[in-house]
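Novice: Sequence:
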Amino acid sequence: MDTIEALKTEIEEKEVELVQLRARLVEAEKLDVGNDRDGVEGEWKWPLEERDYQRYSRQMIVPNFGLQGQLNIKHAKVLLVGAGGLGCPAAAYLAGAGVGTLGLVDGDAVEVSNLHRQVAHSTSRVGMMKVDSAVTYLKGLNPTITYHAHATHLTPQNAEEIVSQYDLVLDCTDHPTSRYLISDICVLLSKPLVSASAFQTSGQLIVLNNPPGKGPCYRCVFPKPPPPESVVGCGEGGIIGPVVGVMGVLQALEAIKLLVRGDHLKSRAGDGEDVRQAGMLLFSAVGDVPFRTVRMRGKRKGCFACAGDDSALTLNELKTSMDYIQFCGVNQPVKLLQPEERISVAEYEQISRANKTHLLLDSLYGSS
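With full-length UniProt numbering applied, the sequence shown corresponds to residues 1 to 368, in that order.
FYI, nobody ran anything at the bench for these hints, they're computed from the structure. Heads up, some of the hints might be wrong.
Derived CB-CB ranges, DEER-like [what the hints assert, rightly or not]: (1) Pro63 <-> Lys319: 42 to 50 Å; (2) Arg295 <-> Gln20: 37 to 45 Å; (3) Gln68 <-> Met322: 24 to 32 Å; (4) Trp46 <-> Pro143: 14 to 22 Å; (5) Val289 <-> Thr9: 18 to 26 Å; (6) Asp108 <-> Gly302: 33 to 41 Å; (7) Arg261 <-> Gly237: 33 to 41 Å; (8) Arg261 <-> Gln54: 23 to 31 Å.
When the alpha-carbon atoms are kept at most 30 Å apart in a straight line, the in silico DSS-like pairs for lysine-lysine are as follows [said to hold, decoys possible]: (9) Lys299 <-> Lys257; (10) Lys319 <-> Lys299; (11) Lys356 <-> Lys77; (12) Lys257 <-> Lys139; (13) Lys257 <-> Lys214; (14) Lys8 <-> Lys257; (15) Lys257 <-> Lys14; (16) Lys214 <-> Lys319; (17) Lys224 <-> Lys214; (18) Lys299 <-> Lys77; (19) Lys74 <-> Lys139; (20) Lys257 <-> Lys301; (21) Lys74 <-> Lys257; (22) Lys301 <-> Lys319; (23) Lys299 <-> Lys224; (24) Lys299 <-> Lys139; (25) Lys77 <-> Lys139; (26) Lys224 <-> Lys74; (27) Lys224 <-> Lys139; (28) Lys214 <-> Lys77; (29) Lys74 <-> Lys214; (30) Lys139 <-> Lys214; (31) Lys214 <-> Lys299.
Note that the structure is a prediction, hence the values are computed from the model and not measured. Even for Gly, the Cβ is constructed at its ideal location relative to N, Cα and C.
Kindly produce the complete structure, drawing on both the sequences and the hints.
Specialist: Next comes the structure, spelled out in structure tokens:
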């Protein structure tokens, strides 16, 4: 028994020593800059810049991460659809980790009601497009990587053009219509997808289409959309800020795991390649057990999106004939006017009290 305990203690000591040696190696590589220019001014033979070793050394010394993991992250292009409660923390940690190119898609502007949970925005940037506000924040966090701001909503018409530029996609949206669209385009373009959602005090997360062509898609897990009357957004049902923050951070973690393993480099899984068991992570901020994992089935036979047969969805059909709003049976908020063209009840009260000449048009057709 004493021998077993002694061996365990020795292993722990060696593991600590190994971590220290890895850290010393990184420091030695940084100090050896002058000896590795090969006599050519400006030529740097190490795979990372000196600034990268300084910035990312703490994660590079983690076992199974290392230099290759950092290179995978550096050369990756990741797209976040949604720059809100999920997208803000996810983008922050991906930028911090050194993802080479980060793209953000969102057609909304920052509102005051966003600020309790959407941590990349600020009071001074209320009214700014969310993607521009987020990029402003992210550049302050890590100015060494590339950012692309797509100030638009993802639609069947622009999805291929935008998503095709990236290796990995994070679904940070809050509506069934966008979730089905994002999943479909990721299947068609062979992109792994990290999808999450949060509502009130709970959240869920799942990695889809991983590896591409073999893992289940969103339609495999949810063949039918939820009943329209059950779809309640954060504006109606509420959300606790740290809850959606937890889910966004977990999305970033799953993305980093995929990138370090190099899963995003596989355009489609080979026939002999192992497919990881899909699981859905469930989080409850008020439950006795905060985290649970539910095993999910694999690809669903006959899936409309990923079955791979003649009846499966095509890119042309997605662009020309897919109506996700009709499929989900629920209308998304209609924003026909720009913010400066709208008027609130309080603003109209001021106009009315000032006796300003005006014409009021009531567009609430059929309301009671």
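Novice: Taking the hints in turn, state whether each one holds.
Specialist: Each hint tested on the structure:
As the Cβ distance of Pro63 to Lys319 is approximately 45 Å, the hint placing it in 42 to 50 Å holds. With their beta carbons about 39 Å apart, Arg295 and Gln20 fall inside the hinted range of 37 to 45 Å. Checking the proposed 24 to 32 Å range against Gln68 and Met322 shows it is violated: the Cβ atoms sit about 39 Å from each other. Between Trp46 and Pro143, the C-beta spacing of about 21 Å keeps the proposed range 14 to 22 Å intact.
Taking the beta carbon of each, Val289 and Thr9 are about 32 Å apart, not inside 18 to 26 Å as hinted. For the pair Asp108 and Gly302, the supplied restraint of 33 to 41 Å holds, since their beta-carbon distance comes to about 36 Å. Evaluation of the 33 to 41 Å hint for Arg261 and Gly237 yields a pass: the beta carbon distance comes to about 36 Å. The supplied range of 23 to 31 Å is met by Arg261 and Gln54, whose beta-carbon atoms lie about 25 Å from each other.
At roughly 22 Å between alpha-carbon atoms, Lys299 and Lys257 fall within 30 Å of each other, so this suggested pair holds. Among the hinted pairs, Lys319 with Lys299 is consistent with the structure: their alpha-carbon atoms are about 24 Å apart, no more than 30 Å. For the given pair, Lys356 sits about 53 Å from Lys77 by alpha-carbon distance, which is inconsistent with the 30 Å threshold. Taken as a hint, the Lys257 and Lys139 pair is honoured in the structure, with Cα atoms around 23 Å apart against an allowance of 30 Å.
Between Lys257 and Lys214 the CA atoms are separated by roughly 18 Å; this keeps the pair inside 30 Å, and the hint holds. As the CA atoms of Lys8 and Lys257 are separated by approximately 28 Å, the hinted pair is consistent with the 30 Å bound. Distance restraint check for Lys257 and Lys14: the Cα-Cα separation of roughly 25 Å lies within the 30 Å cut-off, and the hinted pair is therefore satisfied. Proximity of Lys214 to Lys319 is assessed by CA-CA distance (about 24 Å); at most 30 Å being required, the pair is judged to hold.
Pair hint Lys224 plus Lys214 holds up; C-alpha atoms about 21 Å apart against a cutoff of 30 Å. Our distance criterion of 30 Å between C-alpha atoms is met by Lys299 and Lys77, whose separation comes to about 26 Å. For a cut-off of 30 Å, the pair hint linking Lys74 to Lys139 stands: about 16 Å separates their Cα positions. For a cut-off of 30 Å, the pair hint linking Lys257 to Lys301 stands: about 28 Å separates their Cα positions.
At most 30 Å may separate the alpha-carbon atoms for a hinted pair to count; Lys74 and Lys257 meet this at roughly 13 Å. With a CA separation close to 24 Å, the supplied pair Lys301 and Lys319 stays within the 30 Å bound. Under the criterion of a C-alpha separation no larger than 30 Å, the hint pairing Lys299 with Lys224 is consistent with the structure, at around 15 Å. For a cut-off of 30 Å, the pair hint linking Lys299 to Lys139 is broken: about 39 Å separates their Cα positions.
A C-alpha spacing of about 16 Å is found between Lys77 and Lys139, which places the hinted pair at or below 30 Å, so the restraint holds. A threshold of 30 Å between alpha carbons decides the hint, and for Lys224 with Lys74 the separation of about 38 Å lies outside it, so the pair is violated. Of the supplied pair hints, the one linking Lys224 and Lys139 is violated, its CA atoms being roughly 40 Å apart against a limit of 30 Å. Taking the CA atoms of Lys214 and Lys77, the gap is near 21 Å; set against the 30 Å cutoff, the hint holds.
Distance check on the hinted pair: Lys74 and Lys214 sit about 26 Å apart at the alpha-carbon level, within 30 Å; holds. For the proposed pair Lys139 and Lys214, the alpha carbon gap of about 36 Å is over 30 Å, so the pair is violated. Between Lys214 and Lys299 the CA atoms are separated by roughly 7 Å; this keeps the pair inside 30 Å, and the hint holds.
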